[in-house]
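Once you have looked at the hints, place chain B on chain A.
For reference, the chains in residue letters:
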Amino acid sequence: MTDSVDTSSGDDGIRGADAIQLVGLRKTFGAGEHRVTAVDGVDLTIGQGEFFSLLGPSGSGKTTVLRMIAGFESPTGGAILLDGVDVTSAPAYDRDVNTVFQDYALFPHMSVLHNVEYGLRVKRVGRAERRRRAEEMLEKVRLGDFGHRKPHQLSGGQRQRVALARALVNHPKVLLLDEPLGALDLKLREEMQVELKAIQRDVGITFVFVTHDQGEALSMSNRIAVFNHGRIEQVGTPRDIYDNPATSFVAGFVGTSNIIPADLSGRLMGIEAVHSVRPERIRIVHEATADTEVSVDGTVSDVQYLGADCRVRVDLGDGRHLLANVPSDGLVGVAIGGPVRLAWSRYAAYTVADTDTSEGGDQ
Amino acid sequence: MTEPVPAGGGADRSPRPWRAANRAFAGRRRLGVGALLGPPLAWMLVVYVGSLLLLVWSSLYRLDPVTQKPTHEFTWANLRSAFALWDADTRDAIWPFVRTVGVALLVTAICVMIAMPVAFFVAKVAPRWMRRGLIVAMLMPLWAGYLVKGYAWRAMVSPAGGRFAAEGKGDGGFLESVFGWTPGYGRVAIVVALVYLWLPYMILPVYAGLERLPPSLLDAAGDLGARPLRTFREIILPMLLPSVAAGSIFTFSLTLGDYIVPQIVNNGEERFMFGSTINATLGAPNQPLAAAYTLWPLVIIVLYLLAMKRAGAFDNL
Numbered sequence: 000m001t002d003s004v005d006t007s008s009g010d011d012g013i014r015g016a017d018a019i020q021l022v023g024l025r026k027t028f029g030a031g032e033h034r035v036t037a038v039d040g041v042d043l044t045i046g047q048g049e050f051f052s053l054l055g056p057s058g059s060g061k062t063t064v065l066r067m068i069a070g071f072e073s074p075t076g077g078a079i080l081l082d083g084v085d086v087t088s089a090p091a092y093d094r095d096v097n098t099v100f101q102d103y104a105l106f107p108h109m110s111v112l113h114n115v116e117y118g119l120r121v122k123r124v125g126r127a128e129r130r131r132r133a134e135e136m137l138e139k140v141r142l143g144d145f146g147h148r149k150p151h152q153l154s155g156g157q158r159q160r161v162a163l164a165r166a167l168v169n170h171p172k173v174l175l176l177d178e179p180l181g182a183l184d185l186k187l188r189e190e191m192q193v194e195l196k197a198i199q200r201d202v203g204i205t206f207v208f209v210t211h212d213q214g215e216a217l218s219m220s221n222r223i224a225v226f227n228h229g230r231i232e233q234v235g236t237p238r239d240i241y242d243n244p245a246t247s248f249v250a251g252f253v254g255t256s257n258i259i260p261a262d263l264s265g266r267l268m269g270i271e272a273v274h275s276v277r278p279e280r281i282r283i284v285h286e287a288t289a290d291t292e293v294s295v296d297g298t299v300s301d302v303q304y305l306g307a308d309c310r311v312r313v314d315l316g317d318g319r320h321l322l323a324n325v326p327s328d329g330l331v332g333v334a335i336g337g338p339v340r341l342a343w344s345r346y347a348a349y350t351v352a353d354t355d356t357s358e359g360g361d362q
Numbered sequence: 000m001t002e003p004v005p006a007g008g009g010a011d012r013s014p015r016p017w018r019a020a021n022r023a024f025a026g027r028r029r030l031g032v033g034a035l036l037g038p039p040l041a042w043m044l045v046v047y048v049g050s051l052l053l054l055v056w057s058s059l060y061r062l063d064p065v066t067q068k069p070t071h072e073f074t075w076a077n078l079r080s081a082f083a084l085w086d087a088d089t090r091d092a093i094w095p096f097v098r099t100v101g102v103a104l105l106v107t108a109i110c111v112m113i114a115m116p117v118a119f120f121v122a123k124v125a126p127r128w129m130r131r132g133l134i135v136a137m138l139m140p141l142w143a144g145y146l147v148k149g150y151a152w153r154a155m156v157s158p159a160g161g162r163f164a165a166e167g168k169g170d171g172g173f174l175e176s177v178f179g180w181t182p183g184y185g186r187v188a189i190v191v192a193l194v195y196l197w198l199p200y201m202i203l204p205v206y207a208g209l210e211r212l213p214p215s216l217l218d219a220a221g222d223l224g225a226r227p228l229r230t231f232r233e234i235i236l237p238m239l240l241p242s243v244a245a246g247s248i249f250t251f252s253l254t255l256g257d258y259i260v261p262q263i264v265n266n267g268e269e270r271f272m273f274g275s276t277i278n279a280t281l282g283a284p285n286q287p288l289a290a291a292y293t294l295w296p297l298v299i300i301v302l303y304l305l306a307m308k309r310a311g312a313f314d315n316l
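Protein chains in written order, with numbering that gives the first Met the number 0: chain A, 0 to 362; chain B, 0 to 316.
Some hints could be false.
Stated by the list, open to error - Derived Cβ-Cβ restraints for the label pairs, each shown as a range:
no. : chain 1 : residue 1 : chain 2 : residue 2 : range
1   : A       : TYR304    : B       : ARG232    : 57 to 67 Å
2   : A       : VAL35     : B       : ARG232    : 27 to 37 Å
3   : A       : TYR304    : B       : VAL124    : 46 to 56 Å
4   : A       : GLY31     : B       : ALA34     : 15 to 25 Å
To be verified - Cut-off 30 Å, straight-line C-alpha distance, at most; resulting in silico cross-link-like pairs (DSBU-like, lysine-lysine):
no. : chain 1 : residue 1 : chain 2 : residue 2
5   : A       : LYS122    : A       : LYS186
6   : A       : LYS196    : A       : LYS122
7   : A       : LYS149    : A       : LYS186
8   : A       : LYS122    : A       : LYS149
9   : B       : LYS148    : A       : LYS122
10  : B       : LYS308    : A       : LYS149
11  : A       : LYS149    : A       : LYS172
12  : B       : LYS123    : A       : LYS149
13  : B       : LYS308    : B       : LYS123
Unchecked claim - Which residues of chain A face chain B? A few of them, derived with a C-beta cut under 7 Å, are:
no. : residue
14  : ASN97
15  : ASP102
16  : TYR304
Derived from the structure by calculation, the hints contain no laboratory data.
Cβ coordinates follow ideal geometry from the N, Cα and C atoms, glycine included.
The shape of chain A in the complex, shown without the other chains (with noise of 0.2 Å):
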């Protein structure tokens, strides 16, 4: 998990009015008995220039709140506010914002600047003028001379930042991204990552990132929202997301946790309430721990080879199990099926509300 450099605070880019206010948001889907409630009841708010991830597992609702800021679907109940107004009945061709989309969406039958250039074309931007500006943008997402080309002759990657372009070109309000890295492969991601967050920085637009993956909302964002069932568990920066889970469904699914229910929190820590504690916390001990630490004795079940670190699983003998991330030279005295110890501080130990950690279903 990369901290990124600045997690700091997520209010240090707001000015002004809120660039997006999400008031009691809902949206049903069908109706009778194949109702299905994709968002439940959503309040938001994103600052100005915030780099902001909706975060959550596919069915959770996010790509849907996504869509009814963009305007492509309308809400069956509640409000959204761009810069203070509402828009919530407003269609997508008169709202001020631009969407990335997950399958990029390029227009096949045109080249590459024409793709860039539409969003001005239809706003009647002079010629000259759209063409400079839209070629000016093809620079800045390294694609200069790729204008003539058609979208199908360029790669994942070069499609990935044309879109990025063709809406960035618009200076829009906001700019929506819909998993806009999931099609790209590992180390293309990992650059797009930084690339993404640097032309944030450079254009000063307000960014909403959806993504399932939590690597890639931990390291671009100001803040994070995390979605399970259509609801919000969690807004709050990386670093109180990951460092200070608010549920055991936040805990679980940024980052790997181990969530200790009340009753073994209870005779290990004193306190009867659920605890997570992240694998990398815990470590295996040979002496004695001071009082400040808490320790367990367990029976190695399974060791996985993660690299630098080995993932070691303990069981505790009560049909529950820890997961103890340990250095891969560490384990010394470790076999499967043999004793350990394992033990962490209770300050990496933090109480979390007890949610619903399964995943929302597919909608």
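Only chain B this time, still in chain A's reference frame:
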């Protein structure tokens, strides 16, 4: 020489005669493909290409003026006379031909205009549960016989005093007795009936094209500020061009070759379509000259196919 071993190494448990066949085909890709494609290809060659060649060939036979039957003597005379525009008989054929090409273009254009909104509704607007029923409804006309549909339209447009007057319901066909107006037999009826006949062949490719159109493209156009009409003109229409071209091949060529339903809804008067001209020549009887006349629409069809190929009609077949 080693026998090819079946995958998995197990013994072949098929009945004995199959075992030999299995062994013969195993690992011989070309043999398998040949055995699969050979018979249908041979059939296509004999039935499709063969009959067309026979048509051209029969235009090269000389007509015996006494028995009025084709002889086996070779002659260029039929072809020469079919394309000799200075010849009075041939000149008479030009107008029906031009008219037929015009009707084919008109029917195609009307089919496009009807198919677009209908297919768009079915593919992109109608809820899922409604879609299947609508597709069936679009295909339904194909299940009725060609002549039945022709006579149905005759009954529709039949004017006052016509043969299909319903008892006690005015004295015309359906349109006359229900709406009090009918275009009557004639050119309007011909175009309407032909549009009805060939419309499904336009709707289906257009529907398939719209189905393939990623919905995100329409979202993207709206997202960039384009209103629905503009999205249709600048995104949907250009992307649908290959599908429309593919459908137009059906509507154009089917209209070009039709003359029976036009005769039915034209009350048998006037040789309106070029097919009637060919039919009359055949009944003259002058089979070789009739065969030579068929080369006119054939040339047009080839030109049309080439034009549609450029429009991309064969790109997504």
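Against the structure, the hints:
A hinted range of 57 to 67 Å for the beta carbons of A/TYR304 and B/ARG232 is consistent with their spacing of about 59 Å. For the hinted restraint 27 to 37 Å between A/VAL35 and B/ARG232, the CB-CB distance of approximately 35 Å keeps it satisfied. Remark: the range hint 46 to 56 Å for A/TYR304 to B/VAL124 is upheld by a beta-carbon distance near 54 Å. In this structure, A/GLY31 and B/ALA34 break the distance hint of 15 to 25 Å, their C-beta atoms being roughly 53 Å apart.
Taken as a hint, the A/LYS122 and A/LYS186 pair is broken in the structure, with Cα atoms around 37 Å apart against an allowance of 30 Å. Between the alpha carbons of A/LYS196 and A/LYS122 the distance comes to roughly 28 Å, so the proposed pair stays at or under 30 Å and holds. For a cut-off of 30 Å, the pair hint linking A/LYS149 to A/LYS186 stands: about 25 Å separates their Cα positions. Distance restraint check for A/LYS122 and A/LYS149: the Cα-Cα separation of roughly 23 Å lies within the 30 Å cut-off, and the hinted pair is therefore satisfied.
Pair hint B/LYS148 plus A/LYS122 does not hold up; C-alpha atoms about 50 Å apart against a cutoff of 30 Å. For the hint pairing B/LYS308 with A/LYS149, the CA-to-CA distance comes to about 20 Å; that is within 30 Å, so the pair holds. For the proposed pair A/LYS149 and A/LYS172, the alpha carbon gap of about 28 Å is at most 30 Å, so the pair holds. Only pairs whose Cα atoms come within 30 Å are accepted, and B/LYS123 paired with A/LYS149 is accepted, the gap being roughly 26 Å.
Between the alpha carbons of B/LYS308 and B/LYS123 the distance comes to roughly 27 Å, so the proposed pair stays at or under 30 Å and holds. For A/ASN97, the suggested interface contact is upheld, since its CB lies about 6 Å from the closest CB of chain B, less than 7 Å. A distance limit of 7 Å between C-beta atoms decides the matter here; for A/ASP102 the minimum to chain B is near 6 Å, and the interface restraint holds. Taken as an interface hint, A/TYR304 does not check out: its beta carbon lies about 35 Å from the nearest beta carbon of chain B, beyond 7 Å.
Of the numbered hints listed earlier, those contradicted by the structure are 4, 5, 9 and 16.
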